[in-house]
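Chemist: Chains as they are written, first to last, in full-length UniProt numbering: chain A, 1 to 200; chain B, 1 to 200.
Take the hints with a grain of salt, since some may be wrong.
Computed from the model, here is a short list of chain B residues facing chain A with C-beta under 10 Å [unchecked claim]:
1) E91
2) A92
3) A125
4) A156
5) D157
6) G167
7) L185
Don't read these hints as lab results, they were simulated from the structure.
None of the values given here were measured: they were computed from a predicted structure.
We put the beta carbon where it would ideally sit given N, CA and C, even for glycine.
There are 2 protein chains.
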Amino acid sequence: MTAARGRGRPRDPETDAAILRAALELFIERGVEGTSIEQIAKRAGVGKLTVYRRWTTKEDLIAQAVEQLVSADMVPTTGEVRALAPQDIIEAGLKTAAETTASPAFRALVARMMGAAVSHPQLMAVYWRHHVLPRRELATAMLRRAQQDGTVAEDADLDVLIDMMAGAVTWRVLQPDPPDADGMLDYLKSVYRQIGLYPR
Amino acid sequence: MTAARGRGRPRDPETDAAILRAALELFIERGVEGTSIEQIAKRAGVGKLTVYRRWTTKEDLIAQAVEQLVSADMVPTTGEVRALAPQDIIEAGLKTAAETTASPAFRALVARMMGAAVSHPQLMAVYWRHHVLPRRELATAMLRRAQQDGTVAEDADLDVLIDMMAGAVTWRVLQPDPPDADGMLDYLKSVYRQIGLYPR
Chain A
1 MTAARGRGRP RDPETDAAIL RAALELFIER GVEGTSIEQI AKRAGVGKLT VYRRWTTKED
61 LIAQAVEQLV SADMVPTTGE VRALAPQDII EAGLKTAAET TASPAFRALV ARMMGAAVSH
121 PQLMAVYWRH HVLPRRELAT AMLRRAQQDG TVAEDADLDV LIDMMAGAVT WRVLQPDPPD
181 ADGMLDYLKS VYRQIGLYPR
Chain B
1 MTAARGRGRP RDPETDAAIL RAALELFIER GVEGTSIEQI AKRAGVGKLT VYRRWTTKED
61 LIAQAVEQLV SADMVPTTGE VRALAPQDII EAGLKTAAET TASPAFRALV ARMMGAAVSH
121 PQLMAVYWRH HVLPRRELAT AMLRRAQQDG TVAEDADLDV LIDMMAGAVT WRVLQPDPPD
181 ADGMLDYLKS VYRQIGLYPR
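Isolated chain A (complex conformation) (with noise of 0.2 Å):
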């Protein structure tokens, strides 16, 4: 969390809820340059000062209103990541993330996150910080026993095969003709597949 969002105690979780989602719709809509504080507390009827009060910037804003919507997704725990085989957790989760990536809102959320790395720094940095980084190193936990199991080479850099998978992903959603959920779910084998985290 950051100090921005420890400011008080949330009066009223519908107010935030309905900042939130109009912080998102705003952002899928018209992209982070496109997109106010002004904007986003007119669309959740609120006035400004109610969404200045917890949080300090738009980025902020919008980087936890994505991370609502994409925590959702469905991420083994560290007991999990542990305890079970790699293969069986990515068989576990195959289904919900073909759904999840197959779907409109996340291609549109993939663009304006992607299309704001550069010009907003700030809310890929932040985005990363909560949301990138813990899936990393549950990810890399899980490469890490698939190294051991013998499916991944051990000298393999596990920074650059989390960043093919996710590449992979991200990048054929973004293409012309994006799979639907079906297609997704072949793909994403492929691609796990070809990391050694699925058998051939």
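For this one, chain A is given, so just place chain B on it according to the hints.
Modeler: Using the frame of chain A, we list chain B on its own:
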């Protein structure tokens, strides 16, 4: 080439170059949503009609402007791909590829192209058809040869492998702390190694 580009003959190559340069600058600075034909004409120091005489839409103009920048990268010919070992082709292009992908201009461009993919699919479609597809065909030929040589699995999905390579690089350069040219050289080697296009 699209129909729009076939309109008449360029009367003044310098004017065309100025228009393409202005389009690229504005696209990188403001994104496709923040750029208009009017602004491009103004920055290029020409009248709006001069631009409309050659390009029907801003998407078409921006796509050609982007293409001019990125087509400067080192691409093997079909003949070279047939004649040379994949690893030699990769090795010959590594340094240039590392320098290009580590440059701030490349990062900014990748962010803007990705960012426009969902809101302005026409831009990605033109870029895909003119720039990405021909390069994917060369990559496919290279990977087929690597399959014959036994360094890439026979049952690998080559489109997925290409996404993994391109996706890793584009995702890496949009992350916080992007690598410099030296770091990118190691990164690219690691990606190609994992695919089976570079020695372990």
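Chemist: Each of the hints needs a verdict: does it hold here or not?
Modeler: Right, here's what the structure says about each hint:
1. E91: violated, 18 Å
2. A92: violated, 22 Å
3. A125: This interface hint holds because 5 Å falls under the 10 Å limit.
4. A156: holds, 6 Å
5. D157: holds, 5 Å
6. G167: Since chain A brings a Cβ to about 3 Å from B/G167, closer than 10 Å, the hint holds.
7. L185: violated, 13 Å
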